Amino acid sequence: EPEVTQTPSHQVTQMGQEVILRCVPISNHLYFYWYRQILGQKVEFLVSFYNNEISEKSEIFDDQFSVERPDGSNFTLKIRSTKLEDSAMYFCASCPRASYNEQFFGPGTRLTVL
Amino acid sequence: AQRVTQPEKLLSVFKGAPVELKCNYSYSGSPELFWYVQYSRQRLQLLLRHISRESIKGFTADLNKGETSFHLKKPFAQEEDSAMYYCALKVSGTYKYIFGTGTRLKVLA
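The listed protein sequences derive, respectively, from chains A and B.
First residue of the first sequence? That's 1 in the numbering used here, and the numbers climb one at a time after it.
First residue of the second sequence? That's 1001 in the numbering used here, and the numbers climb one at a time after it.
It should be emphasised that the hints constitute simulated quantities derived from the structure, not laboratory data.
Predicted model, so just to flag it, every value in this text is computed and none were measured.
Every residue, glycine too, gets a C-beta built ideally from N, C-alpha and C.
There's no promise every hint is true.
What the hints assert, rightly or not - If we take Cβ atoms under 8 Å as the criterion, some of the chain A residues that face chain B in the derived model are: (1) Ile26; (2) His29; (3) Tyr31; (4) Phe45; (5) Ser55; (6) Glu56; (7) Pro107; (8) Arg110.
Using the sequences and the accompanying hints, generate a full structural model.
See the structure below:
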């Protein structure tokens, strides 16, 4: 059964560095999402992406964040200059269409900012 | 404000006992609600959605608009039900989902 994959599983970086988190959504899906979960807190919506543009973003998703679908398979989240408070699990999700109402999640990338 | 509240961080029950995981929401529109589950070392996966009115792995959830609740229930808990459970709300007309903080269910032998 096809699954969403994410790389790396764990990323450690220094404060102020740029990081790129990678996701490969399920191949026939059209809608893509990023969420984050700070340790011990809830899963928070960051951004949704459809037709090569952002369709929705939260107040967390400020100018330090960007998303891209550079080719037909990858969906990336870039954090331009990481802060300590960016340390979290980042989950990618996809679904085939907006009305489908089930999101398929990746296993997550744990980002640690030192 | 749109919010999903799961008041219990941890719920421990004995095998065979009934389970109820609470979820309350705050939303002015017509809600679309879901339960997601995360088993140990596995990814988040959909358990059930209110529009389907289905029973999955013995779990059911009924939307109560009067009480703004969507509690997850199972009459007889099994050890394999031990997991994190998240209630989620889809904001209609958007692509945005709001998750609760999750409840860890531990089913004791």
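Hint-by-hint comparison with the structure:
Interface hint status for Ile26 (chain A): violated, as the beta-carbon distance to the closest one in chain B is roughly 12 Å, over 8 Å. Checking His29 (chain A) against chain B: minimum C-beta separation of about 13 Å lies over 8 Å; hint violated. Given hint, Tyr31 (chain A) at the interface with chain B, holds; its Cβ is 6 Å from that chain's nearest Cβ, closer than 8 Å. Taking 8 Å as the C-beta cut-off, the interface hint given for Phe45 (chain A) holds, the closest approach to chain B being about 5 Å.
For Ser55 (chain A), the shortest C-beta to C-beta distance to chain B is roughly 5 Å, which falls under 8 Å, so the interface hint holds. Taking 8 Å as the C-beta contact cut-off toward chain B, the hint placing Glu56 (chain A) at the interface holds, the least distance being around 5 Å. The criterion of a C-beta within 8 Å of any C-beta in chain B is met by Pro107 (chain A), whose closest approach is roughly 5 Å, and the hint holds. About 13 Å separates the beta-carbon of Arg110 (chain A) from the nearest beta-carbon of chain B, more than 8 Å, and the hint is not met.
Violated hints, listed in ascending order, are 1, 2 and 8; each of the other numbered hints is respected by the structure.
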